[in-house]
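Q: Here's the letter readout for the chains.
There are 4 protein chains.
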Amino acid sequence: MIPRYSRPEMTAIWSPENKFRIWFEIEAHATDAQAELGIVPKEAAKAVWERGGFEVERIDEIEREVKHDVIAFLTSLAEHVGDEARFVHQGMTSSDVLDTCLAVQLTQAADILLADIDALLAALKQRALEHKMTVKVGRSHGIHAEPTTFGVTLATFYAEFARNRERLVQARRDVGTCAISGAVGTFANIDPRVEEHVAEKLGLTVEPVSTQVIPRDRHAMFFATLGVIASSVERLATEIRHLQRTEVLEAEEYFSPGQKGSSAMPHKRNPVLTENLTGLARYVRAQVIPAMENVALWHERDISHSSVERMIGPDVTVTLDFALMRLANVVGNLVVYPERMKANLERLGGLIHSQRVLLALTQGGVSREDAYRLVQRNAMKVWEADGKADLLALLKADPEVSAAVSAERLEAMFDLEYHLKHVDTIFARVFGES
Amino acid sequence: MIPRYSRPEMTAIWSPENKFRIWFEIEAHATDAQAELGIVPKEAAKAVWERGGFEVERIDEIEREVKHDVIAFLTSLAEHVGDEARFVHQGMTSSDVLDTCLAVQLTQAADILLADIDALLAALKQRALEHKMTVKVGRSHGIHAEPTTFGVTLATFYAEFARNRERLVQARRDVGTCAISGAVGTFANIDPRVEEHVAEKLGLTVEPVSTQVIPRDRHAMFFATLGVIASSVERLATEIRHLQRTEVLEAEEYFSPGQKGSSAMPHKRNPVLTENLTGLARYVRAQVIPAMENVALWHERDISHSSVERMIGPDVTVTLDFALMRLANVVGNLVVYPERMKANLERLGGLIHSQRVLLALTQGGVSREDAYRLVQRNAMKVWEADGKADLLALLKADPEVSAAVSAERLEAMFDLEYHLKHVDTIFARVFGES
Amino acid sequence: MIPRYSRPEMTAIWSPENKFRIWFEIEAHATDAQAELGIVPKEAAKAVWERGGFEVERIDEIEREVKHDVIAFLTSLAEHVGDEARFVHQGMTSSDVLDTCLAVQLTQAADILLADIDALLAALKQRALEHKMTVKVGRSHGIHAEPTTFGVTLATFYAEFARNRERLVQARRDVGTCAISGAVGTFANIDPRVEEHVAEKLGLTVEPVSTQVIPRDRHAMFFATLGVIASSVERLATEIRHLQRTEVLEAEEYFSPGQKGSSAMPHKRNPVLTENLTGLARYVRAQVIPAMENVALWHERDISHSSVERMIGPDVTVTLDFALMRLANVVGNLVVYPERMKANLERLGGLIHSQRVLLALTQGGVSREDAYRLVQRNAMKVWEADGKADLLALLKADPEVSAAVSAERLEAMFDLEYHLKHVDTIFARVFGES
Amino acid sequence: MIPRYSRPEMTAIWSPENKFRIWFEIEAHATDAQAELGIVPKEAAKAVWERGGFEVERIDEIEREVKHDVIAFLTSLAEHVGDEARFVHQGMTSSDVLDTCLAVQLTQAADILLADIDALLAALKQRALEHKMTVKVGRSHGIHAEPTTFGVTLATFYAEFARNRERLVQARRDVGTCAISGAVGTFANIDPRVEEHVAEKLGLTVEPVSTQVIPRDRHAMFFATLGVIASSVERLATEIRHLQRTEVLEAEEYFSPGQKGSSAMPHKRNPVLTENLTGLARYVRAQVIPAMENVALWHERDISHSSVERMIGPDVTVTLDFALMRLANVVGNLVVYPERMKANLERLGGLIHSQRVLLALTQGGVSREDAYRLVQRNAMKVWEADGKADLLALLKADPEVSAAVSAERLEAMFDLEYHLKHVDTIFARVFGES
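So the protein lines, in turn, are chains G, X, F and U.
Okay, so the first sequence: first residue is 1 according to UniProt numbering, each after it adds one.
Okay, so the second sequence: first residue is 1 according to UniProt numbering, each after it adds one.
Okay, so the third sequence: first residue is 1 according to UniProt numbering, each after it adds one.
Okay, so the fourth sequence: first residue is 1 according to UniProt numbering, each after it adds one.
Watch out, some of these pointers could steer you wrong.
Where chains are identical, the list cannot tell them apart; a pair therefore holds if satisfied intra-copy or between any two copies.
Claimed, not checked - Heads up, simulated SDA-like pairs for lysine to any residue below, C-alpha to C-alpha not over 25 Å straight-line:
#: 1; residue 1: LYS421; residue 2: ASP398
#: 2; residue 1: LYS388; residue 2: GLU339
#: 3; residue 1: LYS260; residue 2: ALA404
#: 4; residue 1: LYS125; residue 2: GLU408
#: 5; residue 1: LYS342; residue 2: GLY332
Keep in mind that the hints were calculated from the coordinates and are not lab data.
Since we're looking at a predicted model, the values are computed, not measured.
With the hints as constraints, model all of the structure from the sequences given.
A: Have a look at this one:
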């Protein structure tokens, strides 16, 4: 995570202010519950809410001395609350605060990421509807295959990010648990009802059984899900990079007046945003591995996960947030060239209709083997002529072909509309409307 | 995946026989649907089911020539079916067969893995109930913290694998889709109702929009989920390895009569199974990265994912299946030493009760700061005496302590039962019963 | 590692026969040294070489019983050698055999990989010389930049694989050590001179200090190096995939007569080999992570690395060997289309010369800022005309441009030869000749 | 990379000041060379050195407008240099500056890391010599094996980090190249002698052939090497964590007076530094994957690597620097408990001598099989008595044993000195002295 690839909404989640604010709420709600249970005086709970507060600088100062962040926070809090502060944090362990806080931060981050995906979905849907019938060639292996539409292409990304949205909702639920269970998770010094109260107040669920910490399989699953989302970002970014290649140029990132593509070559307009997104995806994805390595903590916990999370927590959420919003903008502003799509489609002298001719031949009684051979030998001539030859003409002139399929039927095989008849079906499946 | 770490149930899924059997079913069901729609003769569909068949060797032989596995399969099939075979596969593309087959194989694999997890859950539950009240020390940072029970420890693993089970159910659903949509996913040459029919017959859902292939975010999510499960395997394996250390020896892998721990040192009994599981977990986890790299295929597809999946499909499912069953056996046969647990617990002269003394002091009016200092200075003496000193005696003799808390109350702070009072709560949360 | 992506030379290294043959040599050489030192009878050493032998099936049979592979091997060996066999393996530990054997296998594998790289380097050099002056456009960001030659492109890969060769030589040296140091590496029961003797006989160096095992940072470095080589494989594969794209088609994988590119579309010729290599590279690269996780073994060793190595040892070396040889063949047989290279180069109406015009303008006294603006505004017109406009003509017609640079000088800026003047320099640097 | 885990020396390398200072030097040296070649006026080169300068804030300001960092820098530079500035950067491309700068930064970082390793090596050597003969038990699989010394253990780490040092020297050389070759690496607009001059001045070697960029296999190798070093950090950290476990407690991280191990449990002294290092190692290691994914840039370059490097460049070097220095301190200040080492060694009633008894029996004429059985059956009794039984006494009392080996000889087998006789050999190998 670096400022260059950060948005303030997400970095704010990882600010000391937000962290200590959440710590404060955890401690205050826990004191409430303790008071309700008669463990601590009701006045103490009231005092925390009324007089409680903290200053980041003061906490830092204390931490430099005691080398323990939660103790530093509690000391600072006590300076505001006064004597009743000694009832705060009673029976709790630092991890109760730290892990529950991380759960809150990760759900806050998930909420922003969900909003990002919504923005991206909106952009994809708008552009998909706009280009529902913008015909272009479909490519497998980078080679022209058969016609499709740019709207269908965008629909595949819409469907993919809709799945990612569901996965993220799931991962948010998985990671959003509260643990207030004491030093080794036995509730020896704190009633389980405190945990239930804090969980409810913070919008979390109760961790059924914790050790000292919330189990890290939850976090591994969360980061793995973000890794999958990043991989989808890469797929869409790669698609656009391909479409912008000089020889293809079917779409282009928006290039503002006055922008410079290259310091040396004034003619350049490069897909730098999507190339950038490709890199960001690599970065986000890589953090899945340490998140998984964090699962196998020793016994009731060791603290090896902590340094990893201090880094990848902000790194991954901030970078992915930035990437998703950048991608939503790229899609929204993408310059599309339908004429180039059409020109490219027609580039290969009708080769894209080879399958239909094959089917016509088999329906005309030719064996699959022979039909394949007949079409292939004519198609290869078109390849070799670099698209300057015309498949239909060659087929008509091939006596073996014309013996099986009439010229009229052959012509019918080259109808573009044929390929578009189920676009409505696909759109209905993906967008729930025809 | 190597025979050493394989079970036949799972390797069978990846056998040529199973693969071609699924291919056959896809083609036969698709031909049925085509016949129902009037695209191909009903006799053709009937012929496929009645006369259809294949031989693995024959397919291999043909593939060596045509260098295309699906064409080889169809040729072999045609040798059985005869002339009607030309109606098979009509309008379909190889990926329709390959990707739908992979979806079936991965759901089959998921079913075995779910059964494995069930076996592991059963073993964990049985041993947890057995040792519900077997007291042992809880350790944070590898250092004695406070008492817990071995049953609670096992309950944390039960809860973790129960979560993993849910995640796998989800991942199975995610990856279990059927695509029969033709060369670039437009259904140009095949009616979407064929896809719907095949999906239903094979227990899959319909892929809303495919390109030539089923989108690989689904597979990435599947393998990421298996990576998380492998990480949980590592956590449980690591726990057992720790418990078996010579100095700890609270539990031990079953060691059969006649077994040899070391070729050189006849006295050795090593936790080799759980060390092995640690390695297997590393292997499974690593495959998440290429699975994620597979997502960003070019345009309507490239085939870079295929070689990866041919390897990690079997590798990951076979190895994880083996690991889960090995782990279930290790847990089921684990030799537990409650006396050693008790002995270790008492090893440190009562240090494990330091928090309660701290709380008693604060309740006795001492500030948190001072209370900490008082307990710590006595605790450090016990550390330095290597557990030969007694914390309770030291505290009683410390005038500052005894001024705040009576000897009687101090003694009450060293009660072991105090730590066990919520074990029932935890078990009720985890196992749904008290 | 699967048969589909394997070559027999490399798989042979990982066969039981080769492994046990190496074990035999280790034991026999060690017994020789022991005899020389007077620890065991000279007859024993002689008997091992003369009567020694093993059968894989017999070893498997014994291992099923004793569950220890080295003990099983020694038992089988004893069945051949007779009574003197009791002097074999004296003072050694299983890991002395296993780890030294792995070192031999990895150096054998490295030798094959070095030969593979040599084959690839030879193919790259031959094609580079062939196309030293085959002009094509250089592309940054997938966008036409400036002219280069296909030979220069191939030279970059030659240089990269030459670096990889050096790295592999280094990694081979790093991993090729012999340890015969006993149960915890102290040589308590075996003289260090035995280790020295075995190392020398097997072409290894002595491990300066082992625990029970050879330290795994060596293996991590080895697999990391293979991961880098795999990444270079991906770069070359990706380059070829790009060149074969329909719209680019400057080069093509060899497509044999009778080959079928697609079961459905007879016109297809797909870069399937290089796509396949892209996937193989992902697979090889991913194994770097578990190899690094293997480093932190507990104390004098745990066995968690073993299962990983049993899998990734063959997986990585076999797959990378296959990939390198496949790549050498692809390069050797690559069909190159110089005319298409030329046609693509000219596609953009001279935009590729924009930098030279920029320099001419600044040399003509125009500020860099203004010069950039002048060139860019004319270049953008060519972009918008999809290459149908001509940059030179536009510049000549631009009064601000012609005020600074004469038409004659402008024309000179569009000279292709200008870009080729240092190709000799580059070739001399890379291939050591001009 | 976060401030918590950063040292100012290393972060300074990644500061804008350092970066722009390097850019300035590259441009100034390049202008010198251009002047020497007569391409630009000598006054221009002089002016750059004399009047040249930049302000970070001003560059940022310009970049916000032109969205191109190198152009922003050059504009700022021109504001200082004046008119002659137009001769700066002539014929160069942004990547010439960026990539050569990164090479300088990575070699600067490598120099700090080498110094870190030296500090660690010094600490390891000092403690190894100090504890050369401090006897402790060697453990395989976490189980007591045979005696070794703590000095030997430290020597293994010394040897490992000495290897890492060599690897880093290699990686530094690999990554330290200079490229000034223009837009697609053909030197069309810049003489190769400029590159040679700049390389020499900056202490780099010449990149034999670049595209637009320095090939990323160099960087992948660099980060892979740091990943291996991080894995060694993890091994040493893990060793110390194990030694500090309550039940083992043979060594302990230094715990300062006034430090608090736990907010809740005043008795705790936790190995938090080495647990932290374990996490940092995971983080550093994970970045190897995106560094490898960066290799396969498209054609003459795409910019996907850039965002990754902007993050992992600082992340990895800063974090590893911090980790190495923390580790050097931990080793230097490690509190070692030789008495506990001795006590643990003796804990198992002499089991650690089982191999020698085995050898004595075979030398006494007993078959290896029988000897194993005889020792194992007595050893198991000691295990079961939890070390309260005595192996020597049991063996003496076993008639089958005493028939083959005399009591006197049995006693000799339990001699501790026997295991230490080659410690000198090992130290001579590792430290080059006896």
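Q: State for each hint whether it applies.
A: A quick look at each hint next to the structure:
1. In this assembly of identical chains, LYS421 and ASP398 lie within 25 Å of each other by CA distance neither inside one copy nor across copies; the values are 30 Å within and 50 Å between.
2. For the homomeric pair LYS388 and GLU339, the shortest alpha-carbon distances inside one copy (19 Å) and between copies (14 Å) are both at most 25 Å.
3. Within a single copy, LYS260 and ALA404 get their C-alpha atoms only as close as 58 Å, which misses the 25 Å cut-off; across copies the closest is 22 Å, which meets it.
4. Proximity of LYS125 and GLU408 under a CA criterion of 25 Å is satisfied in neither setting, with 39 Å inside one chain copy and 53 Å between copies.
5. In this assembly of identical chains, the alpha carbons of LYS342 and GLY332 lie at most 25 Å apart only when taken from the same copy (22 Å versus 36 Å across copies).
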